[in-house]
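Trainee: If you read the sequences in order, they're chains W and F.
Sequential numbering of the first sequence, starting at 0, is according to numbering that gives the first Met the number 0.
Sequential numbering of the second sequence, starting at 0, is according to numbering that gives the first Met the number 0.
Some hints here could point you the wrong way.
Unchecked claim - Calculated cross-link-like contacts (lysine to aspartate or glutamate; reagent style EDC-like; alpha-carbon spacing at most 16 Å):
1. W:K258 - W:D55
2. W:K250 - F:D27
3. W:K117 - F:E25
In short, the hints are calculated from the structure, not lab data.
Just so you know, these numbers come straight off a predicted model, no measurement behind them.
The chain contents come next:
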Amino acid sequence: MRKLFAFFKRFQVFLLFIGLQSLSLYIYFTFLSFPKTQIITSTNFVTGKILLAKNDVTKLFNLSNTNLKLQQENIKLRQKNPISLIQITRKSVKIDDTLFHQQYEYIPATVINSTFDKRNNYFTLNVGSLQGIKRDMGVFSDAGVVGVVHFVSEHFSIVKSVLTKDINIDVMVEKTDVHGLLKWDGTHARFGKITGISNDLRIKKWRKVVTRGGSAMFPKGIPVGKVSSIASIEGQPLWDVTILFSEDYRKIQRVYVIKNLLKTEQEKIESQIPEDIIE
Amino acid sequence: MIQFIKHFVRFVIFALAQALIFNQLEIDYGIQFMVYPLFIFLLPFDLNIFLSLLIAFIFGLTIDSISNTFGLHASSAVLIAYIRPHIFKLFEPRDSYDPGSELSLQNMEFRWVFSVFGLLLLIHHFWFFLMEIFKFNELLFVFQKTILSLPFSIVICILIQTIFLRKTKTK
Numbered sequence: 000m001r002k003l004f005a006f007f008k009r010f011q012v013f014l015l016f017i018g019l020q021s022l023s024l025y026i027y028f029t030f031l032s033f034p035k036t037q038i039i040t041s042t043n044f045v046t047g048k049i050l051l052a053k054n055d056v057t058k059l060f061n062l063s064n065t066n067l068k069l070q071q072e073n074i075k076l077r078q079k080n081p082i083s084l085i086q087i088t089r090k091s092v093k094i095d096d097t098l099f100h101q102q103y104e105y106i107p108a109t110v111i112n113s114t115f116d117k118r119n120n121y122f123t124l125n126v127g128s129l130q131g132i133k134r135d136m137g138v139f140s141d142a143g144v145v146g147v148v149h150f151v152s153e154h155f156s157i158v159k160s161v162l163t164k165d166i167n168i169d170v171m172v173e174k175t176d177v178h179g180l181l182k183w184d185g186t187h188a189r190f191g192k193i194t195g196i197s198n199d200l201r202i203k204k205w206r207k208v209v210t211r212g213g214s215a216m217f218p219k220g221i222p223v224g225k226v227s228s229i230a231s232i233e234g235q236p237l238w239d240v241t242i243l244f245s246e247d248y249r250k251i252q253r254v255y256v257i258k259n260l261l262k263t264e265q266e267k268i269e270s271q272i273p274e275d276i277i278e
Numbered sequence: 000m001i002q003f004i005k006h007f008v009r010f011v012i013f014a015l016a017q018a019l020i021f022n023q024l025e026i027d028y029g030i031q032f033m034v035y036p037l038f039i040f041l042l043p044f045d046l047n048i049f050l051s052l053l054i055a056f057i058f059g060l061t062i063d064s065i066s067n068t069f070g071l072h073a074s075s076a077v078l079i080a081y082i083r084p085h086i087f088k089l090f091e092p093r094d095s096y097d098p099g100s101e102l103s104l105q106n107m108e109f110r111w112v113f114s115v116f117g118l119l120l121l122i123h124h125f126w127f128f129l130m131e132i133f134k135f136n137e138l139l140f141v142f143q144k145t146i147l148s149l150p151f152s153i154v155i156c157i158l159i160q161t162i163f164l165r166k167t168k169t170k
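In isolation and in its complexed conformation, chain W is listed as follows (with noise of 0.2 Å):
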């Protein structure tokens, strides 16, 4: 009787062990696609503030950097400015305004936690729900796409990085408008991979990789990387494609959230395509 009552005893630290072990590892699995609780993340209110606090500290380490890449992205918009341009013809007629609808809206944020050198990378903006970010929106920043928004809280919001395992954005090589899925291998922050290019499309290295904005998410043509080296895949007739990502993900800080303002009409005629009938 004393021996069981000493294993049941012993057998109850198991269970209490096996139990937080799996909760914990519930928690870590789940969160990848289906995220539930706010309470462990980033997002909650005492860890968002800590982060704050800690971004207050070092993003003056960066600052001069970052001003540089403000100031590169300022000379590019200022040259498209009227101002700087000549018209060459009297005639020409000016653009109607009526004629463009405005679908793509930016919202500032700054990226207050980030890693790179895990399996799955999410980074944490200073911006949540009470700013408009939902879930879902696109996330770019000056040099290249980042990701997409994963959870959201009231003043943050976690981004699914293309540091992912299964970020899956629409991406196209440029020119030739060869188009796969952007994925990441988990290796080095530096590099990313297309999948779903058939070998018989020709593709030079070298050449810029965009996305293709099919997915709502993303308007078309924020710059992905450039093509750095392509190889077959052995039994199957596709490329696999390394890509050099443009955005240094390790030094990230400035980044824009996309809010499409059309999406909702887009996902509404989408929705109406009738679903393949499985045999």
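Position chain F against the provided structure of chain W, taking the given hints into account.
Mentor: Frame of chain W; chain F shown alone:
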């Protein structure tokens, strides 16, 4: 009571140090610095196992919540909290442990701390990277990360012990 306050302060300091400083130090080749196992190692060795499991779980979740790992640190912290008493028993010196003394570098031999803490860290690192990658065809990468990170973690933890900890008075 003083013991409780001491470990509570350590809880906060280790969690913040791990999440805000050591998790930000990212070198390539998968090297990561882990200092928070030291907190679990330094818990009183005769602490109730239920209590130490729960403390480890909450401690791990605290680090997870700051560094966006959602349960990975909690899982490995609970694992070493569970294994800790078994390893202490395995490496028990001939005249047993001094009750009330801390099993740190100041009270134990260097060789004992190095081997016991090293073994705990090895288990911790291996579990952490195994769960993070979770693919058996990339087991080599798991080994690489474990082997490369381990020396860095051990050196930093031993430095922390020599710099910040004082000899506990034995009555």
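Trainee: CA of W:K117 to CA of F:E25, is that 16 Å or under?
Mentor: holds, 10 Å
Trainee: Next pair to validate is W:K258 with W:D55; report whether the Cα-Cα distance is within 16 Å.
Mentor: violated, 27 Å
Trainee: Would you mind confirming whether the straight-line C-alpha gap from W:K250 to F:D27 stays at or under 16 Å?
Mentor: Holds, at roughly 14 Å.
Of the numbered hints stated above, the single one contradicted by the structure is hint 1.
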